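Let the hints inform the model, and build the full structure from the sequences given.
First to last, the sequence lines map onto chains A and B.
So in the UniProt record's numbering, spot 276 of the first sequence is number 276, and the numbers just go up one at a time.
So in the UniProt record's numbering, spot 133 of the second sequence is number 133, and the numbers just go up one at a time.
You may find that some hints are simply not true.
[What the hints assert, rightly or not] A few chain A residues facing chain B, derived, Cβ under 8 angstroms:
| id | residue |
| --- | --- |
| 1 | TRP15 |
| 2 | MET49 |
| 3 | HIS51 |
| 4 | ALA52 |
| 5 | GLY117 |
| 6 | THR142 |
| 7 | ASP145 |
| 8 | SER147 |
| 9 | SER168 |
No wet-lab data here; the hints were simulated from the structure.
Remember, predicted model here, so these are calculated numbers, not experimental data.
Backbone N, C-alpha and C fix where the C-beta goes; we use that ideal spot for every residue, glycine too.
Each chain, written out:
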Amino acid sequence: MSRALDAGRAVVGWWTRPVPLARVAVLRVAIYLFVLYDIFRLTNDVIPMAHAPDLYHPTWVGRALPLPDPSLPLAQTLQVVIVVGCLVAATGFLPRLAGWVVAVAYLQWMVFSQGYGYVSHDHLALIVAVVVLPTIGRARFTDADSSEAAGWAFRCIQVSVIATYFASAIVKWVRSGSPATWANGAVFIWAIMRRGSDLVRWTIDYPWLLIIAQWGLIIIEFLSPVVLWLKGRALYLAVVTFAGFHLMTYLALGIHFLPTVICWLAFLPLERVVPVAQRLRERVTAPGGSRTVS
Amino acid sequence: MSSEPAVRRISRRGLAWRLGVTGVALVILTMGQLQDTNDYFPLGSLSQYATPRDMDGTVRSVYMLADTESGEQVRVPLNPQGVGVGRADIEAQLDRIVDDPSLLQSIADSWTELHPGADPYVKLYVMRDTYQLRDGIQQGEPDVEELTTWEVRR
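Pasting the structure below:
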């Protein structure tokens with residue numbers, strides 16, 4: 001009995017391991033500014049697609065909830081609400097109110113963006129981040145305290161990032177019958193023939209090379225949960241490895257997964273940029289030498 | 001720093017709903033993978049490039065062509081800057097479009113609405129190129145199919 005209790009306590013402790021509030025303040029800036037980049041550059045199809053409402057064919061959330069159909073005025077309103085909400089939320093002012101407004105508007109935006117047939121797979125962690133950040137509440141750059149509520153939110157983002165890889169390995173298994181069938185197949189050839197850049201087109205003449213790459217990818221995907229327990233240099237190496245993988249797929253296929261990449265920040269000690277930024281600001285506000293503080 | 005950094009705990013209630021939400025989300029996410037469905041978005045399947053491809057199979061690529069009012073045949077830009085709807089959207093809804101080509105009217109309308117000065121489309125073609133592979137190597141030129149067409153209504 002006490003063993004089960006200890007195990008339960010360990011699981012709860014893992015999901016709520018305290019995170020410095022200064023880290024929250026930094027991640028919040030990154031996530032909310034990225035959402036702006038997202039709606040103007042990545043999911044910027046919502047407004048143009050509002051011109052083709054007949055092709056709207058929403059996923060389950062869009063059918064089950066009494067959500068409106070896409071229209072130009074609604075899409076434009078959402079855009080304004082998200083912009084204002086993100087700018088306010090990024091500053092840390094009204095973190096709950098601004099955060100929830102962004103969460104609701106952004107979810108509706110994404111239901112529209114993903115409601116025309118194709119559903120992209122790079123937004124899981126970003127959507128989770130937008131939903132969990134408002135639960136943390138106030139967090140200042142100068143806060144020295146840490147918080148369990150922040151710990152839960154960060155863990156949710158981290159798990160979503162890892163799920164993006166691990167679950168994709170599971171689906172490969174489900175669809176192929178065995179991971180080996182997928183890895184020994186022609187997926188990369190297929191992808192490169194359909195949308196490969198000049199940088200990688202030559203590889204379709206060397207199928208064995210692409211098979212090695214497929215094995216490398218599926219192995220990394222299956223091992224990805226290990227990252228949740230890495231620390232220090234091993235963790236940084238893992239972050240660089242996954243970011244490097246996305247850089248490669250971007251150069252090869254034009255697929256970048258930036259919404260997932262930005263959420264890798266939730267693995268890093270972001271609070272360390274605060275003193276650096278403070279020093280920079282001091283240098284700018286007090287030109288001509290360093291101030292001495294008695 | 002005057003005071004020692006403290007850890008702000010969460011209340012029992014706060015902990016309970018957080019663990020509850022986490023559990024439900026993980027169950028949906030897991031079901032999304034096992035049922036292999038995008039329908040549970042944002043917790044649906046992470047099926048990017050998950051379909052195995054046969055080394056001796058085919059590679060198919062869908063695109064759209066349009067006859068314009070001035071008599072040219074052009075490729076329809078299936079992207080946010082072009083007609084809004086993307087190529088992957090057309091591929092995902094291909095059966096629905098072939099069953100009911102009138103859905104393509106939307107594409108022509110959004111082209112004119114998004115590019116008021118541009119040459120309007122008078123007829124749309126949904127096309128598919130099929131390449132044959134052998135041992136992963138492309139064999140010759142693709143097979144070109146016309147899947148459906150639509151005369152644009154003014």
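Mind checking the CB of A:SER168 against every CB in chain B and telling me if the closest is under 8 angstroms?
-> holds, 4 angstroms
Identify whether the interface hint at A:GLY117 stands, where standing means a beta carbon of chain B within less than 8 angstroms of its own.
-> Where the cut-off is 8 angstroms and the nearest Cβ of chain B is about 3 angstroms from A:GLY117, the hint holds.
Minimum Cβ distance from A:SER147 to chain B below 8 angstroms?
-> holds, 4 angstroms
Interface hint status, A:MET49 versus chain B (Cβ within 8 angstroms) | Hint on A:MET49: holds, closest Cβ of chain B at ~4 angstroms, below 8 angstroms.
Would the hint on A:THR142 stand, with a C-beta cut-off of 8 angstroms toward chain B?
-> violated, 10 angstroms
Could you check if A:HIS51 really has its C-beta closer than 8 angstroms to a C-beta on chain B?
-> holds, 4 angstroms
Hint check, A:ASP145 versus chain B [nearest Cβ-Cβ separation less than 8 angstroms] = Since chain B brings a Cβ to about 5 angstroms from A:ASP145, closer than 8 angstroms, the hint holds.
Would you settle whether the hint for A:ALA52 is holds or violated, based on the nearest Cβ-Cβ distance to chain B being less than 8 angstroms?
-> holds, 4 angstroms
Closer than 8 angstroms between Cβ atoms is the bar; does A:TRP15 clear it against chain B? Give me holds or violated.
-> At 7 angstroms from the nearest chain B Cβ, A:TRP15 passes the 8 angstroms test, so the hint holds.
Comparing the model with each earlier hint shows a violation of hint 6 alone; every other hint is respected.
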